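Sequence order for the protein chains is A and B.
Going by the numbering used here, 365 is the number at position 365 of the first sequence; the sequence numbering is gapless.
Going by the numbering used here, 167 is the number at position 167 of the second sequence; the sequence numbering is gapless.
To be clear, the hints were calculated from the coordinates, so they are not data collected in a lab.
Just so it is clear, the structure is predicted and the values come from calculations on it, not from any experiment.
Ideal Cβ positions, reconstructed from N, Cα and C, are used throughout, including at glycine.
Among the hints, a few may not be true.
[Claimed, not checked] With the C-beta cut set under 7 Å, the calculated list includes, among others, these residues of chain B facing chain A:
#1 Thr19
#2 Phe31
#3 Thr98
#4 Leu106
#5 Leu107
[What the hints assert, rightly or not] Computed spacing ranges between beta-carbons, pair by pair:
#6 Tyr149(A) <-> Gly29(B): 21 to 31 Å
#7 Val47(B) <-> Phe302(A): 47 to 57 Å
#8 Gly29(B) <-> Ser289(A): 26 to 36 Å
#9 Gln383(A) <-> Gln150(B): 27 to 37 Å
#10 Thr146(B) <-> Phe370(A): 26 to 36 Å
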Amino acid sequence: MTSVTDTASSLDQEHHHGPAKGLMRWVLTTNHKDIGSMYLWFSFIMFLTGGAMAMIIRAELFQPGLQIVEPAFFNQMTTMHGLIMVFGAVMPAFVGLANWMIPMMIGAPDMAMPRMNNWSFWILPFAAVMLVSTLFMEGGGPNFGWTFYAPLSTDYSPPSTTFFIFAIHMLGVSSIMGAINIIATILNLRAPGMTMMKMPMFVWTWLITAYLLIAVMPVLAGAVTMMLMDIHFGTSFFNAGGGGDPVLFQHIFWFFGHPEVYIMILPSFGIVSAIIPAFARKPLFGYTSMVYATASIAFLSFIVWAHHMFTVGIPLIGELFFMYATMLIAVPTGVKIFNWVTTMFRGSMTFETPMLFSTAFVVLFTIGGFSGLMLSIAPADFQYHDTYFVVAHFHYVLVPGAIFAIFAACYYWLPKWTGYMYDETLAKVHFWMSFIGMNLTFFPMHFVGLAGMPRRIPDYALQFANFNEMSSIGGFMFGTTQLLFLFIVIKCIRGGAKVEAKPWEGAEGLEWNVPSPAPYHTFTTPPDVK
Amino acid sequence: MSEQDREQPESIEHSTRRTVIRSTLVACGMFAFGFAMVPLYNVFCQVTGLNGKTDPNPYMYKAAEAKVDTSRDIKVQFVATKNAGMSWDFYPSTPQVTVHPGEPGLLNFVAKNPTGKTIVGQAIPSVTPFEATNFLHKVECFCFTTQTLQPWEEKVMPLRIIVDQELPKHIKKLTLSYTLFDVTHLN
Numbered sequence: 001m002t003s004v005t006d007t008a009s010s011l012d013q014e015h016h017h018g019p020a021k022g023l024m025r026w027v028l029t030t031n032h033k034d035i036g037s038m039y040l041w042f043s044f045i046m047f048l049t050g051g052a053m054a055m056i057i058r059a060e061l062f063q064p065g066l067q068i069v070e071p072a073f074f075n076q077m078t079t080m081h082g083l084i085m086v087f088g089a090v091m092p093a094f095v096g097l098a099n100w101m102i103p104m105m106i107g108a109p110d111m112a113m114p115r116m117n118n119w120s121f122w123i124l125p126f127a128a129v130m131l132v133s134t135l136f137m138e139g140g141g142p143n144f145g146w147t148f149y150a151p152l153s154t155d156y157s158p159p160s161t162t163f164f165i166f167a168i169h170m171l172g173v174s175s176i177m178g179a180i181n182i183i184a185t186i187l188n189l190r191a192p193g194m195t196m197m198k199m200p201m202f203v204w205t206w207l208i209t210a211y212l213l214i215a216v217m218p219v220l221a222g223a224v225t226m227m228l229m230d231i232h233f234g235t236s237f238f239n240a241g242g243g244g245d246p247v248l249f250q251h252i253f254w255f256f257g258h259p260e261v262y263i264m265i266l267p268s269f270g271i272v273s274a275i276i277p278a279f280a281r282k283p284l285f286g287y288t289s290m291v292y293a294t295a296s297i298a299f300l301s302f303i304v305w306a307h308h309m310f311t312v313g314i315p316l317i318g319e320l321f322f323m324y325a326t327m328l329i330a331v332p333t334g335v336k337i338f339n340w341v342t343t344m345f346r347g348s349m350t351f352e353t354p355m356l357f358s359t360a361f362v363v364l365f366t367i368g369g370f371s372g373l374m375l376s377i378a379p380a381d382f383q384y385h386d387t388y389f390v391v392a393h394f395h396y397v398l399v400p401g402a403i404f405a406i407f408a409a410c411y412y413w414l415p416k417w418t419g420y421m422y423d424e425t426l427a428k429v430h431f432w433m434s435f436i437g438m439n440l441t442f443f444p445m446h447f448v449g450l451a452g453m454p455r456r457i458p459d460y461a462l463q464f465a466n467f468n469e470m471s472s473i474g475g476f477m478f479g480t481t482q483l484l485f486l487f488i489v490i491k492c493i494r495g496g497a498k499v500e501a502k503p504w505e506g507a508e509g510l511e512w513n514v515p516s517p518a519p520y521h522t523f524t525t526p527p528d529v530k
Numbered sequence: 001m002s003e004q005d006r007e008q009p010e011s012i013e014h015s016t017r018r019t020v021i022r023s024t025l026v027a028c029g030m031f032a033f034g035f036a037m038v039p040l041y042n043v044f045c046q047v048t049g050l051n052g053k054t055d056p057n058p059y060m061y062k063a064a065e066a067k068v069d070t071s072r073d074i075k076v077q078f079v080a081t082k083n084a085g086m087s088w089d090f091y092p093s094t095p096q097v098t099v100h101p102g103e104p105g106l107l108n109f110v111a112k113n114p115t116g117k118t119i120v121g122q123a124i125p126s127v128t129p130f131e132a133t134n135f136l137h138k139v140e141c142f143c144f145t146t147q148t149l150q151p152w153e154e155k156v157m158p159l160r161i162i163v164d165q166e167l168p169k170h171i172k173k174l175t176l177s178y179t180l181f182d183v184t185h186l187n
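Just chain A, same shape as in the assembly:
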């Protein structure tokens, strides 16, 4: 907290405003832009790691029968793919974007607690190394699915589970500290005149996300702590034989898990709410309703968790309550989709890459939302439960939802970060390859899922062969294309067409008032917001 005064007093130290030199700059930095960049690079490395695991999964599922990996290893791949993508790729990417953009969007010199910011980043690589290292331990890594249901994750888990538990603890600590920092920044460091209802949507959605994070990450920490005690200290939280209850694990997990899926989507809502108005050259339609819709979604996320557990044997009244509560979420989400479409309506739209990704987001996220509605119907869910239909559903909301929004944000703000325009042609290739690859991968999964193909199984019945072949080809296409994204980003960092402070004609917001590339310190004197 002293650093708030530090940054203010750095006004008199005009000579000391550049980054330090050498490797230690990155270890010791408290600069929100440095830390944001490190978050983004970390999440991209994790994205490729988790993606490589997805490639192994798709390679094994390319044909029926067992070809490439053992079932035990396949289980570790599905588990680690999920864990790494959720905790290593998507969440840190959003925190990285928050670090980079929130101070510049609200006219703050830095995050409220720059040193804690450094700490919350540097926990991550260690947690990730610990998580990935379990794969090389005796008995292999986590193999119980990313939801780690007890007793599979307690009585029947490999010895490395303890390392998995500590990795989750560390990732949780990092997220909670990041969230507290973001809340403190948004609530206290806004420039004079920046009232709450003038904040950009990205700031709003992140504020709400941060509250979700501090509300549910501790519950996850509690769940893994109980697992730890069940495994090592002879307690029976989840052991039916000892008076505990495995179903309790699912309740606790999904009490965390459902808000968690909104943690992974709300910042996306903020990103596309910034990009669509910029390229439609119209202000965002229904700003106030967007804010309230986001808050409603966040509230509802706490009372729908048991829709993940319709088949465990909850009473009829419970099934009905959770079914209707879940369906209710479609209302605020519908408000959001309506507002985006209305923003585009009669706008002077151009389709640069950020807009392409955002438009694809709106269309494909809606498809994922519809399959979610299908799953929310409790009696039908008994058919869909644990099939590839579920896999199709959550990949349709997470890949075009979270990942496409992150791509859109990267392309949208890359000129601001680097001072150069990215290669538009290559970026469009990246978009179309991702778009086609993603749909080719996940759309057929709806069909095989409805026909009854179970998830998390390395082999399948022969009649699913053609659709799985298509999925695998799409998966390889989507995966390879991400290397192109890496190339585009590196190329943009190294050079390109120079851009002015505001490279996008219709863009709005304080971040476009600072030069491109954004100087190491911005808004050391707060701007005046009218």
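Let chain A serve as the given structure and place chain B on it in line with the hints.
Positioned in the frame of chain A, the structure of chain B alone reads:
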């Protein structure tokens, strides 16, 4: 102006500190809430009879109202399991009894200590289907207290049950399951 500038960071620092303390308290509170879900869940299950948790008050059944409903035959099945680490032999004398609602059913459970140590055991009941949980009454049960067995001792423990006349009509079969715990270290 310059004085204001000097005071501004002070107040930001204070409000930031307040925000951080509050957020940290929320996070700690939610960690505690995660653990509070365990007893809350148990209470919820006991009140609603979900998950086969039987009511802790074994004397809820009022014998005065008893009137045997001979129109129905209810099968009550018994399951005996041992928690990990429990060394006793533990089994019901009969796997199943058939009773009319309101009519007492009597049987025995047998426990045998096959070790050379004195062991204290506690049995925990559970009933399925969960809708029937509150309609199966234990008038006399070895699970009301702990049981102590001397080395090599064998004990026959009586169990008297009554199925409530209010038992929903569609339920024809109940399962009463006991899990036996070694609670020697608690005594």
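How the hints compare with the structure:
no.: 1; hint: Thr19; in the structure: holds, 4 Å
no.: 2; hint: Phe31; in the structure: holds, 4 Å
no.: 3; hint: Thr98; in the structure: violated, 26 Å
no.: 4; hint: Leu106; in the structure: violated, 27 Å
no.: 5; hint: Leu107; in the structure: violated, 23 Å
no.: 6; hint: Tyr149(A) <-> Gly29(B): 21 to 31 Å; in the structure: holds, 26 Å
no.: 7; hint: Val47(B) <-> Phe302(A): 47 to 57 Å; in the structure: violated, 21 Å
no.: 8; hint: Gly29(B) <-> Ser289(A): 26 to 36 Å; in the structure: holds, 31 Å
no.: 9; hint: Gln383(A) <-> Gln150(B): 27 to 37 Å; in the structure: violated, 56 Å
no.: 10; hint: Thr146(B) <-> Phe370(A): 26 to 36 Å; in the structure: violated, 56 Å
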